[in-house]
Every structure is written in structure tokens, then in C-alpha cells.
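*Asks:* The primary structure of each chain is shown beneath.
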Amino acid sequence: MSGGVVIVGAGQAGVQTAFSLRQAGYADAITLIHDEAVLPYQRPPLSKSFLKEQQDEEALAFRHRDVYDDHQISLLLEERVLQIDRPNKNIRLATGSHLAYDHLVLACGASNNRLSIPGAELPQVLDLRFLDEAITLRQALANAKRLIVIGGGFIGLEVAATANQLGLSVTVLEAADRLMARVVSPEISGYVLSRHSAEGIKVHLNAMATNIQENKEGQLTVSISSGEELSADFILVSVGVHPNTELAEEAGLETDDGILVDEFLTTSDPDISAVGDCARFPFAFDTSLIRLESVQNAVDQARCLAEKLTGNPTPFQAVPWFWSDQADVKLQIAGLTPTADQTHILGDLESGKFSVCCFNEGVFIGTESINSPADHMASRRILASNRTLSPTEAGKDGFTLKAFASGQ
Amino acid sequence: MIKVTYVASDGTKTDVEVHEGNSLMHAAVANGLDGIIGECGGSAMCATCHVYVDEAFADRLPPIDDMEEEMLECTASERRKTSRLSCQIEASSEIDGIVVSMPETQI
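Protein sequence lines, in the order shown, are assigned to chains A and B.
Heads up, the first sequence is in this note's numbering, so the first residue is 1302 and it goes up one at a time.
Heads up, the second sequence is in this note's numbering, so the first residue is 302 and it goes up one at a time.
Certain hints may be false.
Calculated pairs, DSS-like style, for lysine-lysine (alpha carbon to alpha carbon, straight line, at most 30 Å) [said to hold, decoys possible]:
{"id": "1", "chain 1": "A", "residue 1": "K1353", "chain 2": "B", "residue 2": "K304"}
{"id": "2", "chain 1": "A", "residue 1": "K1390", "chain 2": "A", "residue 2": "K1446"}
{"id": "3", "chain 1": "B", "residue 1": "K382", "chain 2": "B", "residue 2": "K314"}
{"id": "4", "chain 1": "A", "residue 1": "K1446", "chain 2": "A", "residue 2": "K1353"}
{"id": "5", "chain 1": "A", "residue 1": "K1703", "chain 2": "B", "residue 2": "K382"}
{"id": "6", "chain 1": "A", "residue 1": "K1697", "chain 2": "A", "residue 2": "K1503"}
{"id": "7", "chain 1": "B", "residue 1": "K314", "chain 2": "B", "residue 2": "K304"}
{"id": "8", "chain 1": "A", "residue 1": "K1654", "chain 2": "A", "residue 2": "K1697"}
{"id": "9", "chain 1": "A", "residue 1": "K1654", "chain 2": "B", "residue 2": "K382"}
Covered stretches of chain B, going by a simulated chain A footprint (3 or more residues, C-beta under 8 Å) [what the hints assert, rightly or not]:
{"id": "10", "stretch": "381-388"}
{"id": "11", "stretch": "392-400"}
I should point out that these hints are in silico values taken from the structure, not numbers from a laboratory.
We treat Cβ as the ideally placed atom computed from N, Cα and C, and that holds for glycine.
Starting from the given sequences, assemble the full structure and let the hints guide the process.
*Replies:* And the structure:
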């Protein structure tokens, strides 16, 4: 019997691969392996709406159970892959059985980085990646008054903004000299800092947590690098992630902070592909090897892979985009902008609605927008086209991204 | 539960029972309808859950806010008078029986 496609991991990339394969007409078996007991679910709401509303877990599920059956996708819940046997093209499962594959898809995702400081193991120090962790965090938010968030990236700030809206006293500790330093320009970092500060969130920059202590009442005291001590009822740690590469490494696949793939998302074994957070791939816009942690990347890679596995291989070249909802700040990013050496602001910071156009050596590389979805969508269209946008052009009176994208 | 009828671009109709409070985007995706994508999970950030609402129901929906308005300007298929993002339409008894048509393409 044909093993068909076996997909390891049922996050955004794994689930999308399964359904895109069926949409593309793949007719053989599809097996999707999920290591949790619940139906595969969306993660973006876990740091936002799910924490606020008594949202039904059902509303997070990508698809209802019967839809997997209807599409003849065999979904294995609470199952883990222990080993890949490449010569025999099968995998060994934690429950003891073996599963053959024609093609194996590694959609293993990423794991949260841990803090390695004294006290990090206390039960009031929470993590957020999985649904059960979101439920624990939601309970803590409902019962506590003071939260310290360690890490001022997307997830940390989304939770901070949500907790602040729920009436908690919130402090954010960020080790770098600005918020979201890894992903946005200093202009956006500064604006977001001012918005959160105005809403009452206390943000400490250049602040490393060095120690967490618990008193007899269960209250926490966090020592930070400046020598200050801050108290809290609980702490959320969100200090980045690392790709899940162990399975690939043990199987002898090439890895380097991610499972290495070519432009067709194929690993160093032609019968194995990798997609989503765990894959390091050649970026179509400058050929550097990158790894992206985003819904868009997971979904677009899954679609690209499904086309390859049904006989229509095309190189992966989707325009990256990201978003983050932080209270009334809707941040959208088109393109990869950390290498910007020049920026041009469209709109006005005071109005809370503006975009930062980013350039590298005079070449347009993307836009970071605040509450300006039309600029965001136009930027994605410009990046996907072959048109060049110069800083001079963007600086002209009356310039809009939307008009430029429409060729006017 | 309310009844929602989704009409695909080829005219195929699918009736779905939707829990009150759930969005019409999520109900379509969770039930495996191909005509709605909802890539951003319902944050009005991607415009891939565009639908045309049957005129009889259009004025029973909450008004279009600024973000939805801008995103509707960026849909892959043409915007019409009855265009909405289905992630912004919550199932409620007010709109029981609503009919929404899905455009030819969302991306």
C-alpha cells in the first residue's frame, strides 16, 4: 500500500499542507500527525481575543473533525514521531507503530525559548504557545492584579495590551534598547512605546531579569539588571523561539537554525520537505537563507509545497507579511524591513495612522504600517511586482502607495 | 444556531448551522468551504474572507468600520455595494437565514 504524504505537525503549515494537497487534486493517502489531544487550532487569537472573551475552544479549530474525514485526511491526535528511517521511508511513532511514506513533510514548528535565571521554574512564571497554556494565562489574568511580561516582542506586547485592557497593572521588561527591535524600524518601536505608555503600561528598556523570588504569600519579586526590584502576581515569558530541528538532525538532514530547504522547500533528502517555522529557505528577494515565524509564511509555503507534490513545482517566492494587534494599534508589515538603511514616513504619527516605507541602498524593501491597511496591501502588491520604488519617488508631494501600486 | 447559506462562485449552495457569536468566516473555513480563506484568523488584516451579502440582509449588519472599509478597497475580486469581510459578521438571531456569495478568488 502506498504511504502517501505524511505530515509531521498540525500547526498552520501542516494543516494547510493537508488541505492544499486535496485542493490540488492529490489522490493518495494523507496522514497528519498532531502531538496534542485537541483538534488543530489557530494560534494568533491566543495572545489577544482568546484571553479577553470566554471564547469557545471550538472557535479556534481550523476545521471541524468531520471535515478531515470528508477530505480523507487521517488525523492522528496525541501522537509523536520518534524517528525517521530514511532508507526504508518510514517513521516510528511514540505509540509503537511504524508508518510508511512516499513523501514526508516536516512542519514541526518552533518551541519557546526559556529563561535560565533562578526562579524561572516557579508555577507563576507562565509560557504561551499552546492552547492549554493560553487557558492557564486566561485564568491568571482573571484572578491577578499585577503582571510582568518579560520580552517586548509581538506576543509579549499583545498580551501586555490585553492585560492592560482587562484592568491589570502591567510592566514589560525588554532587554534591547527598543521594543520589537528584531522586526521593526526605530520609528515604529518609538510610536508603539508611546502608545503603550499612554495607556498606562510601564515599559523598562535595556532591562534583563536576573532573578525571580517568591514570598510566603506567593507574590513574586523580579530583580532586573539596573538593580531595581519589581513585584508581580505572575509573569509571562516571551523571549523568542527556536525551530524544532531535533527529528531532522537525528535523521541526518542538513540543519542550521532550521531545517535547510531549497527554493522548492525540499530538504537534503528529495523525499522530505519542510515548511513553516522550522524551515530555513532561500529568500527570493535577495537569496539569503532565512527562517520566518508567521502565519503567512506557513500558509504560502504549504500551498507551494502542495503544488510541487502534485506535479507543478514552482520556486517559493511569496512576499512576507506580518501583523500584530496591540489594543488600538494595528501594526502590519509588508516585506522584510530589518535591513532598512533609509525610511520615509507617509501620514502623520499624531493621527495614529501612518506608514514607514523602508529602503535598503535605495531599493524599496517593505512598509511598516500603523492602522493603514490600504498602505499595507499596496506595498504587498508593489513588492510582488517588478516595479522599483525609490525614496525620491516616495518623498514626492501627494505620493500614495495605493496610487503607485495601481500604476498611476 | 442560525442557518447561513454560502453560495460558491459556480452557484453551488451550502447551508451551514453556525453558533451565535461565531463569525461567518470561521464557520465557512471550519466546515471546509474553499471559497473563503481567512488567513489572518479574523483580525480584518488580510481581506481573504470577502463576501457579497444578500441585499435583504445587508442593512441588518453592523456598519463597516474604518479598518474594514480600507481592506474592502483591497480585495482580490471586485468590491460591490454589498461587499463585506465575513470575519466581521457575527452570527446572531437577527441574521438567521442570511445568504452570502463568495467571490471567484480571494488571493
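*Asks:* Hint by hint, say whether it matches the structure.
*Replies:* Hint check:
no.: 1; hint: A:K1353 <-> B:K304; verdict: holds, 27 Å
no.: 2; hint: A:K1390 <-> A:K1446; verdict: violated, 53 Å
no.: 3; hint: B:K382 <-> B:K314; verdict: holds, 22 Å
no.: 4; hint: A:K1446 <-> A:K1353; verdict: holds, 15 Å
no.: 5; hint: A:K1703 <-> B:K382; verdict: holds, 21 Å
no.: 6; hint: A:K1697 <-> A:K1503; verdict: violated, 38 Å
no.: 7; hint: B:K314 <-> B:K304; verdict: holds, 12 Å
no.: 8; hint: A:K1654 <-> A:K1697; verdict: holds, 19 Å
no.: 9; hint: A:K1654 <-> B:K382; verdict: holds, 26 Å
no.: 10; hint: 381-388; verdict: violated (count 0)
no.: 11; hint: 392-400; verdict: violated (count 0)
Going down the numbered hints, you'll see the structure goes against 2, 6, 10 and 11, while the others check out.
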